[in-house]
Amino acid sequence: MPKHVLIVDDSKTVRNLVAFIMKKEGFKVTTAEDGLDGLEKLYGAGEVDLIVSDINMPRMDGLTFIKTLREQETYRDIPIVVLSTEGQDRDIQTGLTVGANLYMVKPAQPEKLVRNVKMLLG
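The numbering of the sequence shown is the working numbering, which starts it at 8 and goes up by one.
Quick caveat, the hints were computed from the structure, so don't treat them as lab data.
In this text, all values refer to a predicted model and were calculated from it rather than measured experimentally.
There could be a bad hint or two in this list.
Cβ-Cβ distance ranges computed for the label pairs, FRET-style [what the hints assert, rightly or not]: (1) G33 x V112: 24 to 34 Å; (2) R122 x K35: 16 to 26 Å; (3) E118 x E80: 29 to 39 Å.
Derived lysine to aspartate or glutamate pairs resembling EDC-like cross-links, with alpha carbons at most 16 Å apart [said to hold, decoys possible]: (4) K48 x D17; (5) K74 x D98; (6) K19 x D44; (7) K119 x E32; (8) K113 x D98; (9) K19 x E40; (10) K19 x D41; (11) K113 x D96; (12) K74 x D84; (13) K31 x E93; (14) K125 x E32; (15) K35 x D56; (16) K113 x D17; (17) K30 x D56; (18) K35 x E54; (19) K74 x D41; (20) K30 x E118; (21) K10 x E54; (22) K113 x E93; (23) K10 x D56; (24) K10 x E32; (25) K125 x D56.
Note that CB positions come from ideal geometry on N, CA and C, so glycine has one too.
All chains, please: the whole structure from these sequences, using the hints.
This is the structure:
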């Protein structure tokens, strides 16, 4: 059974690129365009093994999305990778504080993203 990755990003280009990279590695992929869409997809997708999320998105940003997940027993331990253009120390610290397992700054090298995802999936 392939691992299932949810990609949440308001940029269609980024969603498609990350989805392409993950699919090439054999992952099952679901995409969402913001935090609210991400929650809907997550609740409807069944088992999701890992989430890759942007921070700056309309309707519900990535930080709120991650906080919302971490407050729910079911999603408390799901690995979350933040993939954002915000790369300052305080941004990274905030992302990790609200519950991200890893914070990567765009553009992330595909090899590094895949390596980190595989590491988090153990």
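Check your understanding: For the pair supplied as a hint, K10 and E54, is the alpha-carbon distance within the 16 Å limit?
Key -> 9 Å, holds
Practice item. For the pair supplied as a hint, K30 and D56, confirm whether the alpha-carbon distance does not exceed 16 Å. Key: 14 Å, holds
Review point. Is K125 close enough to E32, meaning Cα to Cα at most 16 Å?
Key: Cα-Cα ~10 Å, so holds.
Review point. Are K19 and D44 close enough, with their CA atoms no more than 16 Å apart?
Key: 13 Å, holds
Check your understanding: Does K30 pair with E118 here, judged by a C-alpha cut-off of 16 Å?
Key -> With Cα atoms ~13 Å apart, K30 and E118 stay inside 16 Å; holds.
Check your understanding: Does K19 pair with D41 here, judged by a C-alpha cut-off of 16 Å?
Key -> Since the Cα atoms of K19 and D41 sit roughly 11 Å apart, the hinted pair holds (cutoff 16 Å).
**Study point:** Distance restraint hint 24 to 34 Å, applied to the beta-carbon atoms of G33 and V112
**Key:** 26 Å, holds
Exercise for review: Mind checking the alpha carbons of K31 and E93 for me, to see if they're no more than 16 Å apart?
Suggested key: Violated: K31 and E93 sit about 27 Å apart, past 16 Å.
Exercise for review: Starting from the range 29 to 39 Å, see whether the pair E118 and E80 falls in it by beta-carbon distance.
Suggested key: Once the Cβ atoms are compared, 34 Å apart, the range 29 to 39 Å for E80 and E118 holds.
Check your understanding: Given the hint that K113 pairs with D98, does the C-alpha gap stay at or below 16 Å?
Key -> 13 Å, holds
Point to revise | Agreement of K10 and D56 with the hint, judged by alpha carbon distance not exceeding 16 Å | key: Holds, because 6 Å separates the two Cα atoms, which is no more than 16 Å.
Check your understanding: Is the Cα-Cα distance between K35 and E54 16 Å or less?
Key -> The given pair, whose Cα atoms are some 11 Å apart, holds under the 16 Å limit.
Figure legend: structure checked against the earlier numbered hints; the only hint not met is number 13.
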